[in-house]
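Residue numbers (the numbering used here), protein chains in the order written: chain A, 1 to 273; chain B, 274 to 612.
Please keep in mind that the hints were generated in silico from the structure rather than gathered at the bench. Accuracy of the hints is not assured; some may be wrong.
For lysine to aspartate or glutamate, the following EDC-like pairs were computed, each having C-alpha atoms within a straight-line distance of at most 20 Å [to be verified]:
| hint | chain 1 | residue 1 | chain 2 | residue 2 |
| --- | --- | --- | --- | --- |
| 1 | B | 593 | A | 236 |
| 2 | B | 592 | B | 607 |
| 3 | B | 422 | B | 457 |
| 4 | B | 592 | B | 375 |
| 5 | B | 348 | B | 375 |
| 6 | A | 116 | B | 404 |
| 7 | B | 538 | B | 382 |
| 8 | B | 529 | B | 302 |
| 9 | B | 462 | B | 419 |
| 10 | B | 505 | B | 483 |
| 11 | B | 335 | B | 551 |
| 12 | B | 592 | A | 236 |
| 13 | A | 116 | B | 420 |
| 14 | B | 348 | A | 236 |
| 15 | B | 593 | B | 606 |
| 16 | B | 330 | B | 551 |
| 17 | B | 604 | B | 452 |
| 18 | B | 376 | A | 236 |
| 19 | A | 116 | B | 485 |
| 20 | B | 408 | B | 419 |
| 21 | B | 604 | B | 585 |
| 22 | B | 330 | B | 319 |
| 23 | A | 116 | B | 483 |
| 24 | B | 448 | B | 414 |
| 25 | B | 573 | B | 502 |
| 26 | B | 604 | A | 236 |
| 27 | B | 422 | A | 130 |
| 28 | B | 462 | B | 606 |
| 29 | B | 408 | B | 485 |
| 30 | B | 592 | B | 382 |
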Amino acid sequence: MNRVVPGFGLSLGITLFYLSLIVLLPLGALVWQAMDVGWARYISIMTGARTLAAFQVTLSTAALATLFNAIYGLALAWVLVRYEFPGRRLLDALVDVPFALPTAVAGIALSALFAKNGWFGGTLADIGIEVAYTPIGIAVAMAFTSIPFIVRTVQPVLEDVAADVEEAAATLGASDLRIFAKVIFPAIFPAFLTGASLGFARSLGEFGAIIFIAGNRPMTTEVVSLLTFIRIEEYDYPAAAAIAATLLGMAFVMLFVVNMIQLWQQRRVGAGD
Amino acid sequence: MRLSRRLILAAALAPFVLSAAVPAARADEPSTILNASYDIARELFDAINKKFEPAYKAETGKEIKVDQSHAGTSKQARSIVEGLAADVVTFNQVTDIQFLVDKGFVAKDWQTRLPNASSPWYSFPAFLVREGNPKGVKNWDDLVRDDVKLVFPNPKTSGNARYTYLAAYAYALEKFNGDTAQADAFVKKLLANVVVFDTGGRGATTSFVEREQGDVLITFEAEVISVKDAYKDKNFQVVVPPVSLLAEFPVAVVDKVVDKRGSRKIATDYLTWLYSPEGQRIAAEANNRVVDPTVAEEFKAKFAPVRLVKVEDVFGGWKKVQQDHFVSGAKLDELFVGQ
Numbered sequence: 001m002n003r004v005v006p007g008f009g010l011s012l013g014i015t016l017f018y019l020s021l022i023v024l025l026p027l028g029a030l031v032w033q034a035m036d037v038g039w040a041r042y043i044s045i046m047t048g049a050r051t052l053a054a055f056q057v058t059l060s061t062a063a064l065a066t067l068f069n070a071i072y073g074l075a076l077a078w079v080l081v082r083y084e085f086p087g088r089r090l091l092d093a094l095v096d097v098p099f100a101l102p103t104a105v106a107g108i109a110l111s112a113l114f115a116k117n118g119w120f121g122g123t124l125a126d127i128g129i130e131v132a133y134t135p136i137g138i139a140v141a142m143a144f145t146s147i148p149f150i151v152r153t154v155q156p157v158l159e160d161v162a163a164d165v166e167e168a169a170a171t172l173g174a175s176d177l178r179i180f181a182k183v184i185f186p187a188i189f190p191a192f193l194t195g196a197s198l199g200f201a202r203s204l205g206e207f208g209a210i211i212f213i214a215g216n217r218p219m220t221t222e223v224v225s226l227l228t229f230i231r232i233e234e235y236d237y238p239a240a241a242a243i244a245a246t247l248l249g250m251a252f253v254m255l256f257v258v259n260m261i262q263l264w265q266q267r268r269v270g271a272g273d
Numbered sequence: 274m275r276l277s278r279r280l281i282l283a284a285a286l287a288p289f290v291l292s293a294a295v296p297a298a299r300a301d302e303p304s305t306i307l308n309a310s311y312d313i314a315r316e317l318f319d320a321i322n323k324k325f326e327p328a329y330k331a332e333t334g335k336e337i338k339v340d341q342s343h344a345g346t347s348k349q350a351r352s353i354v355e356g357l358a359a360d361v362v363t364f365n366q367v368t369d370i371q372f373l374v375d376k377g378f379v380a381k382d383w384q385t386r387l388p389n390a391s392s393p394w395y396s397f398p399a400f401l402v403r404e405g406n407p408k409g410v411k412n413w414d415d416l417v418r419d420d421v422k423l424v425f426p427n428p429k430t431s432g433n434a435r436y437t438y439l440a441a442y443a444y445a446l447e448k449f450n451g452d453t454a455q456a457d458a459f460v461k462k463l464l465a466n467v468v469v470f471d472t473g474g475r476g477a478t479t480s481f482v483e484r485e486q487g488d489v490l491i492t493f494e495a496e497v498i499s500v501k502d503a504y505k506d507k508n509f510q511v512v513v514p515p516v517s518l519l520a521e522f523p524v525a526v527v528d529k530v531v532d533k534r535g536s537r538k539i540a541t542d543y544l545t546w547l548y549s550p551e552g553q554r555i556a557a558e559a560n561n562r563v564v565d566p567t568v569a570e571e572f573k574a575k576f577a578p579v580r581l582v583k584v585e586d587v588f589g590g591w592k593k594v595q596q597d598h599f600v601s602g603a604k605l606d607e608l609f610v611g612q
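Take the sequences, apply the hints, and build the full model.
See the structure below:
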């Protein structure tokens, strides 16, 4: 146990104090404002056609983005961990760029690339796929801003998978695919799920990157975070708080799932000892 | 003319009255004021402040700096209520100043304090089309055609777009002799023709110009002309429809802030200066139509003729229009969502 920081009581006190100040207080204020709405009004806000459409658009595009990142992020983590090649460190550093970049800048850059007169957009339009100003564009923006989650959670676990286990499997005659399916993937699976869940949660709330590429048409390309913003612009604070609180609830569920996965992971690792 | 003779005289005399009052100026007056304004007025107020500051020093010997803050005006109004210490607001819609009145930040009689209902210049929704006007867009009727795609900001987040929505609605009411069902259908089709709803005026301009979305950009005439001038190589064309909706740019002193900071005099002088020939000329150079008849005459050649209808006449005022069209669940939502 590391006791460099003085006293458990003091450390815990400071931790809780700042956590309350920075995280719990704003969230509490949000929930408190949402409570003001009352059940009947809350239900009518949440079941409005436009709100439902926004949630549907957001959830489906977030799922699409997460699926893409699950496959591509895993491959990226694999390459970064298992291969030595020139520029590997640079690539490794690039993974964090979506975290560092202001999301609005990302949104503008993506819409410039994927608009019909952009580099990718032109080619894609030729084969009949429109990205910018459609739900696909939203998924692209979400995938961009949430890719680091999956790479950064899988990477360290993948590094820890001991080579000797793989070698043993190979010695026993297992094929590459079988080694991956039976040895490597089970080891990284909890981390993989954690990363995917975090990425999904992030995608649900993403705003800056999306509004520039989404088209923002009600019912088709309007995401929940934009709808919240619109309700505030209408000075309709209760509706904004209600929608935001629902989003917050979803994020909490995701975090709960992530924690359960981590608990499960620890138990598996514990059982292996 | 829209401006009465007496008010022009008052505006013209203001600098003299102002200089006579100098010795009485309090020593603890702040030397900076903050102007909270709308999104696309950054360049305009930059130019105005550059002229106002030396002019004010020449008149009064007092060194003043005017700071600028620009964003959507609903956001600015909220920021002020939440503590942004803006001495004056220069908005593009009465509704957002009304919000400040409701919250006790601006006195109820603000529109009577300066000439022309406290609006030193005006504009209206106009169209920008691509080179050679390939779709032959001339009037609002062309915007509901199936082959015409539009770009304008989201009326839910942009005052600019609320004017576009109201202008289209006012036009439709006139066309169909006040039949609201037909007017509703007209505006609904117009909204359905929009390919991208950006959250603000500049975003819409970017979508139209840089991303090449849509056939027509609808925004204030001032912005339409500026975009045409800024992108000379693209040969955009300005189309001024025969009829549109008057968009006023109301200005007000934020009473609660100036009383606290002791900046009422400077703030008032600043807003009064906007009506001076110099202030009016800068606004006209930035493609706004101005209320000073002499300056308006100077810039006459720049602007196409247009007949402007008023929110008060067509919709019974901003308060009513807000209730009937813009609160959630009202007419705009109905036409916007049901597309």
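Quick rundown of the hints versus the structure:
no.	hint	verdict
1	B:593 <-> A:236	holds (17 Å)
2	B:592 <-> B:607	holds (19 Å)
3	B:422 <-> B:457	holds (19 Å)
4	B:592 <-> B:375	holds (12 Å)
5	B:348 <-> B:375	holds (16 Å)
6	A:116 <-> B:404	holds (18 Å)
7	B:538 <-> B:382	holds (17 Å)
8	B:529 <-> B:302	holds (15 Å)
9	B:462 <-> B:419	holds (9 Å)
10	B:505 <-> B:483	holds (13 Å)
11	B:335 <-> B:551	holds (19 Å)
12	B:592 <-> A:236	holds (16 Å)
13	A:116 <-> B:420	holds (18 Å)
14	B:348 <-> A:236	holds (13 Å)
15	B:593 <-> B:606	holds (16 Å)
16	B:330 <-> B:551	holds (15 Å)
17	B:604 <-> B:452	holds (15 Å)
18	B:376 <-> A:236	holds (15 Å)
19	A:116 <-> B:485	holds (8 Å)
20	B:408 <-> B:419	holds (11 Å)
21	B:604 <-> B:585	holds (18 Å)
22	B:330 <-> B:319	holds (17 Å)
23	A:116 <-> B:483	holds (10 Å)
24	B:448 <-> B:414	holds (10 Å)
25	B:573 <-> B:502	holds (18 Å)
26	B:604 <-> A:236	holds (16 Å)
27	B:422 <-> A:130	holds (16 Å)
28	B:462 <-> B:606	holds (14 Å)
29	B:408 <-> B:485	holds (15 Å)
30	B:592 <-> B:382	holds (15 Å)
This entry satisfies every hint, going by the numbered hints stated previously.
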